[in-house]
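Chain by chain, the residues:
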Amino acid sequence: MMKKTIITVVGKDTVGIIAKVCTYLAENKINILDISQTIVDDYFNMMMIADMSKAVKSVSEVSDNLDKLGEEIGVIIRCQREEIFNSMHRV
Amino acid sequence: MININEVLETNKMIEKENLDVRTITLGISLLDCIDSDLDRLNDKIYNKITKVAKDLVAVGEQIEKEFGIPIVNKRISVTPIALVGGSACKASEDFVTIAKTLDRARKDVGVNFLGGYSALVSKGMTKADELLLRSIPQALAQTELVCSSVNLGSTKTGIDMDAVRLMGDIIKETAELTKDQDSIGCSKLVVFCNAPDDNPFMAGAFHGVTEADAIINVGVSGPGVVKNALESVRGETFEVLCETIKKTAFKVTRVGQLVAQEASKRLGIPFGIVDLSLAPTPAIGDSVADILCEIGLEYAGAPGTTAALALLNDQVKKGGVMASSYVGGLSGAFIPVSEDQGMIDAVNAGALTIEKLEAMTCVCSVGLDMIAIPGDTKPTTIAGIIADELAIGMINQKTTAVRIIPVIGKTVGDSAEFGGLLGHAPIMPVNQFSCDAFVNRGGRIPAPIHSFKN
Chain U
3 MMKKTIITVV GKDTVGIIAK VCTYLAENKI NILDISQTIV DDYFNMMMIA
53 DMSKAVKSVS EVSDNLDKLG EEIGVIIRCQ REEIFNSMHR V
Chain A
105 MININEVLET NKMIEKENLD VRTITLGISL LDCIDSDLDR LNDKIYNKIT
155 KVAKDLVAVG EQIEKEFGIP IVNKRISVTP IALVGGSACK ASEDFVTIAK
205 TLDRARKDVG VNFLGGYSAL VSKGMTKADE LLLRSIPQAL AQTELVCSSV
255 NLGSTKTGID MDAVRLMGDI IKETAELTKD QDSIGCSKLV VFCNAPDDNP
305 FMAGAFHGVT EADAIINVGV SGPGVVKNAL ESVRGETFEV LCETIKKTAF
355 KVTRVGQLVA QEASKRLGIP FGIVDLSLAP TPAIGDSVAD ILCEIGLEYA
405 GAPGTTAALA LLNDQVKKGG VMASSYVGGL SGAFIPVSED QGMIDAVNAG
455 ALTIEKLEAM TCVCSVGLDM IAIPGDTKPT TIAGIIADEL AIGMINQKTT
505 AVRIIPVIGK TVGDSAEFGG LLGHAPIMPV NQFSCDAFVN RGGRIPAPIH
555 SFKN
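Which chain is which? The protein sequence lines are U and A, in order.
Just so we're on the same page, the working numbering is the position in the first sequence counted from 1, plus 2.
Just so we're on the same page, the working numbering is the position in the second sequence counted from 1, plus 104.
Looking at chain U on its own, in the form it has when it is part of the complex:
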């Protein structure tokens, strides 16, 4: 069964943001299903839909790791289970 999570990256655009996030996800056996991005008020906004069903780490652990990675690159990375968005935006 799929275990979908939404990963968002918000911050000033710099070289290699997506590469670094993707590397982390690959290392942790997290499969990316979809990527989209947009620029809002000069800020880089990226969203990934990822499947964590094969991941060894738990959602909270991944969330902590990504939080730290974000700090290193200077962007905000959030990792949230998909349900919160589905319940809010789908009847």
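These aren't lab readings, by the way, just hints derived from the structure by calculation.
Treat the hints with caution; some may be incorrect.
[As the list claims (entries may be wrong)] Covered, in the sense of this in silico footprint (three residues per stretch, anywhere, with C-beta under 8 Å from a C-beta of chain A), are these stretches of chain U:
| id | region |
| --- | --- |
| 1 | 14-26 |
| 2 | 32-42 |
| 3 | 81-87 |
[What the hints assert, rightly or not] Taking lysine-lysine pairs in the PhoX-like style, the calculated list, with each CA pair at most 25 Å apart, reads:
| id | chain 1 | residue 1 | chain 2 | residue 2 |
| --- | --- | --- | --- | --- |
| 4 | U | K56 | A | K169 |
| 5 | A | K369 | U | K59 |
| 6 | U | K6 | A | K169 |
| 7 | A | K369 | A | K152 |
| 8 | A | K116 | U | K5 |
| 9 | A | K482 | A | K260 |
| 10 | A | K351 | A | K260 |
| 11 | A | K422 | A | K116 |
| 12 | A | K169 | U | K70 |
| 13 | U | K31 | U | K6 |
| 14 | U | K70 | A | K194 |
| 15 | A | K204 | A | K169 |
| 16 | U | K70 | U | K5 |
| 17 | A | K194 | A | K227 |
| 18 | A | K283 | A | K120 |
| 19 | U | K5 | A | K169 |
| 20 | U | K14 | U | K56 |
| 21 | U | K70 | A | K120 |
| 22 | A | K152 | U | K6 |
| 23 | A | K169 | A | K211 |
| 24 | A | K204 | A | K120 |
| 25 | U | K31 | U | K5 |
| 26 | U | K31 | A | K502 |
| 27 | A | K120 | U | K14 |
| 28 | A | K116 | A | K211 |
| 29 | A | K227 | A | K502 |
| 30 | U | K56 | A | K369 |
| 31 | A | K158 | U | K6 |
| 32 | U | K5 | A | K260 |
| 33 | A | K169 | U | K59 |
| 34 | U | K70 | U | K56 |
| 35 | A | K148 | A | K194 |
| 36 | U | K14 | A | K116 |
| 37 | U | K22 | A | K169 |
[Said to hold, decoys possible] Partial chain A-side listing against chain U, Cβ under 7 Å, derived:
| id | residue |
| --- | --- |
| 38 | I106 |
| 39 | V111 |
| 40 | E168 |
Heads up, the beta-carbon is just placed ideally off N, CA and C, and yes, glycines get one too.
Chain U is fixed; fit chain A onto it per the hints.
Just chain A now, with coordinates in the frame of chain U:
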């Protein structure tokens, strides 16, 4: 599939507009702890609470992290203690030992408030009820985060005026015993008419006798989200205004429903209700008064305030009801003074009085809430204010409440500091004319007629 704009919208609500789940409240029945021996009773209460609630905080934090939604409070409500302690407690001091046990259990499981140091006396008081009422000042002074509530009336029974009169004294005494902290004891004490059995919000939460052994109730919030949504419809008609509030309330409530279901599943405790209240905090941008201003008022309290609040409250319910499988608790807009910066500003500007607040409580939950009044206010006057507010609830078949703080040593022009979620409050003037002869009559106000509505 979810798109990026929806994701960004949700995260903007959380990060910039203070969207959060205000509380997961675990209701625990203590009826099976009843014992005629006080020590044994205290042991059983401690053991039951620490057993049932042992994972509450950890599960709450797990959900917060996985979904990225703050859950501000994890709380516990218990069966009204007057019922639980009735057979063991022979004096008020005996009840105080239970309050201390509750506080110890609360501390050991790591929750921030425990409610249910309560009595239900809407028609009359038993000996145990009266002992509990008289123990409230000591109980609140000697414990840190135990909350007390008393149901003094209902639409079905009328109002117990003996208990109302007594609560005038009790509130004053509670204020005296905590006067070195701006009478903060009174912020943990609320009196009700038509108190709900499944309210997750403090200070009035208790686990009603109609409830199951344990239950998860969730209170959502989000005044900032509603306010921000309304900024985009300035100048539009009431139709557009109301639709916007409904849609926003739906989204906010869905988050509460999700959190409630997850908490219920992980704790193995049934899901009770989601409470659809708009609950403000003293944080900037988390204010119900600011919504009223956004609807078109210069300050909360200006003419039009009652109408604006009525429509706000009704739309929040209409939007929220469809978003949750079970709705309960207080479900309405809260209008506390000290916990809402916009309300404090309105009082300081001279726009808002106790009388206007009373009118506002006719159309929203829950009542005169977190209002600081001069410390020299007479107990009979406090009883009169309570009687007025409860009459509104009794006649209109709704919950009303009074949480009023006579701040000992302070008067109009001063300000009381409670700190944290409780905020700070300017001392509001109270009508100085006497109601002594009225509240001293004794007895009760009969239940109202349910026909000939006008």
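Subject >> Hints violated by the structure (listed by number, smallest first) >> reply: Going through the list in order, the structure violates hints 1, 9, 10, 14, 15, 18, 20, 22, 24, 26, 28, 31, 32, 40 and respects the others.
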